[in-house]
Amino acid sequence: MGEPIGTAMDSLTAALKSKIIPNQEYFLQGSVMDTAVQVLLHRLRGLCDNLDSGAESFHDHEMCFSIRKGPPPEQGLSLRVRRAFDYLDAPWQLRYIGQPEIGDKSQPTMVRSSLDIACSSTIVEFLTELGCRLDFECILRGYMFRKGRMKITVSKVFKMVQGKTPDGMEAISQSYLVELSVLAPSGQNAIAEDIKIFADQLKPLVQFEKINYFTRPH
Amino acid sequence: MHARDEKNLDTSIGSVQLRINELKEAISSMIFKIEHDGDSLNWPGLLDNFALLSGHLTSVSKSLSAEKVPLLRNFSVLPLLITPVRDELLVQMTEGRISTFAHDLVPDYLRTKPDPLVEQKIASYEPKAGNLTYDTQQKQVAQFGKIINHIHEIADKAKQEWESETSSRTSQPATSSTVDTHVLVYAIGSGKGLKSENVPMVQPVLNQANNNLMGMGRSPAGQPSGSVPGQMVGQMNKAVSSIKTNIKAASTMAPYDRR
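If you read the protein sequences in the order shown, they are chains A and R.
Take the first sequence: its position 96, counted from the start at 1, is 96 in this note's numbering, and no numbers get skipped.
Take the second sequence: its position 161, counted from the start at 1, is 161 in this note's numbering, and no numbers get skipped.
No wet-lab data here; the hints were simulated from the structure.
Among the clues, some could well be false.
Stated by the list, open to error - Some chain A residues judged to face chain R by a derived CB distance under 10 Å, without partners named:
#1 Val39
#2 Asp135
#3 Pro204
What the hints assert, rightly or not - Each pair of labels, with its calculated beta carbon distance range:
#4 A/Leu12 - R/Pro44: 53 to 63 Å
#5 R/Ser164 - A/Val161: 37 to 47 Å
#6 R/Ser177 - A/Phe214: 13 to 23 Å
#7 A/Phe214 - R/Ser167: 53 to 63 Å
#8 R/Thr178 - A/Lys196: 30 to 40 Å
#9 R/Ile20 - A/Gly148: 53 to 63 Å
#10 R/Glu161 - A/Leu115: 27 to 37 Å
#11 A/Asp34 - R/Ser164: 21 to 31 Å
#12 R/Ser167 - A/Gln99: 57 to 67 Å
#13 R/Thr178 - A/Lys19: 45 to 55 Å
#14 A/Thr35 - R/His150: 37 to 47 Å
Everything numeric in this text was worked out from a predicted model, so none of it was measured.
The beta-carbon is built from N, C-alpha and C at its ideal position, and this holds for glycine as well.
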């Protein structure tokens, strides 16, 4: 019995070593005010690949679970579960994202490790059984665009209001979150330059920044 | 002394000629550009050309008003020989524009007075102006001044409008806000502002304090606080929300305990 597991692990490590697993997310974040979101969407429609189909809309529920390895000062491991409100038969998604690396000024984007996998709705139960607890949850609604390997999302972030239907949620800001990201195997730093160029095309409508959200602002 | 003046005149005319040649070349290259790549010519390129021309014009007028240059208007040009015979030297000097120094051309090229037609018109106006009485002259001058002022005002207004428009356009990029970006990114990244557990932990304490406050505030009005629970709850919620904002403000003042 030990052998097949061993070979599976071996092939996984081999795949990791040969850098064919796209587990690095290169990304930039920004925001656009509600008043200008139509202008941004219009521009993205022109810049991105899905010209004929138009923007793809999404309406997701995201839950962030965390499990602590040690006492409070230590950062717990966090796992995100996502489900689509608008496609109820779509699988749920479990995602791990690591701590973002800001890099210095020469680094055009941030990088974080990212792994995601499709799963069923029992994932919440499973995680709870493992000892994870719900850290926070939110609702994301917006549009997604593609340009080559790049994914562009324009989304409104809503806070979950306890005991209310998904309609009774409140937006946490008067702006839409804009994210540019590409999943690539590690070491493909050239892609970061592409993201940067695309981000520059959206200026001055959106100012993209590298924000380390793990350290809170003081 | 005389020889020095002549030399001075020669050098200054030479420098003026040089500048004028530069100007001429710039104009001809611009005309060439417009004629040959008129389709691909863009506005900034054309503006660059105009800037070049204006630079040359400035240098011409500078060299004319330079200190060493004698007053050229004190000199006169006299046609010494007028002939209908073709002059090769002249053709070469004028790049083929003038072939003969003849009677029909000389008055045009060496003119120092206005065109005869213009002169005639001026001559017809001058006696008219002379015949006017002082009062009507003053009146007309005042009227003219008024019109000019009016036009000036219109131009000024248009300029102001244009400037305010451009300034509003440049100040417009309020399409994104760094504060909002941070709020959103921190919310998504670390759940700041989304975590609901924090609120219930604070609320009970607040409710108690609030109850006390409300009781004190209500008893003088003669209403038993327990009698209208629905209203009470509503009021409490309102009060709680206001206090919540206070707490937020306080936390920004003392940021170190929230880390």
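### Task
With a cut-off of 10 Å on the beta carbons, see whether A/Val39 makes it to chain R.
At 7 Å from the nearest chain R Cβ, A/Val39 passes the 10 Å test, so the hint holds.
### Message
Does the beta carbon distance between A/Leu12 and R/Pro44 stay inside 53 to 63 Å, or does it fall outside?
### Response
57 Å, holds
### Query
Against chain R, is A/Pro204 within 10 Å by beta-carbon distance?
Holds, because the Cβ-Cβ distance from A/Pro204 to chain R comes to roughly 4 Å (cut-off 10 Å).
### Task
Kindly confirm whether 27 to 37 Å is satisfied by the beta carbon distance between R/Glu161 and A/Leu115.
58 Å, violated
### Query
Does the Cβ pair R/Ser164, A/Val161 satisfy 37 to 47 Å?
Holds, at about 44 Å.
### Verdict for A/Phe214, R/Ser167 (Cβ pair) under range 53 to 63 Å
40 Å, violated
### Task
Confirm or reject the claim that A/Thr35 and R/His150 have a C-beta distance inside 37 to 47 Å.
40 Å, holds
### Query
Taking the beta carbons of R/Ser167 and A/Gln99, is their distance inside 57 to 67 Å?
44 Å Cβ-Cβ, so the 57 to 67 Å window is violated.
### Query
Given a hinted range of 53 to 63 Å, is it respected by the beta-carbon distance of R/Ile20 and A/Gly148?
57 Å, holds
#### Entry: CB-CB spacing for R/Ser164 and A/Asp34 relative to the 21 to 31 Å hint
26 Å, holds
### Task
Given the hint of 45 to 55 Å, check if R/Thr178 and A/Lys19 actually sit that far apart at their C-beta atoms.
35 Å, violated
#### Entry: Assessment of proposed distance window 13 to 23 Å (beta carbons of R/Ser177, A/Phe214)
Roughly 22 Å apart at Cβ, these two residues keep to the hinted range, so it holds.
Comparing the model with each numbered hint stated earlier shows that hints 7, 8, 10, 12, 13 do not hold.
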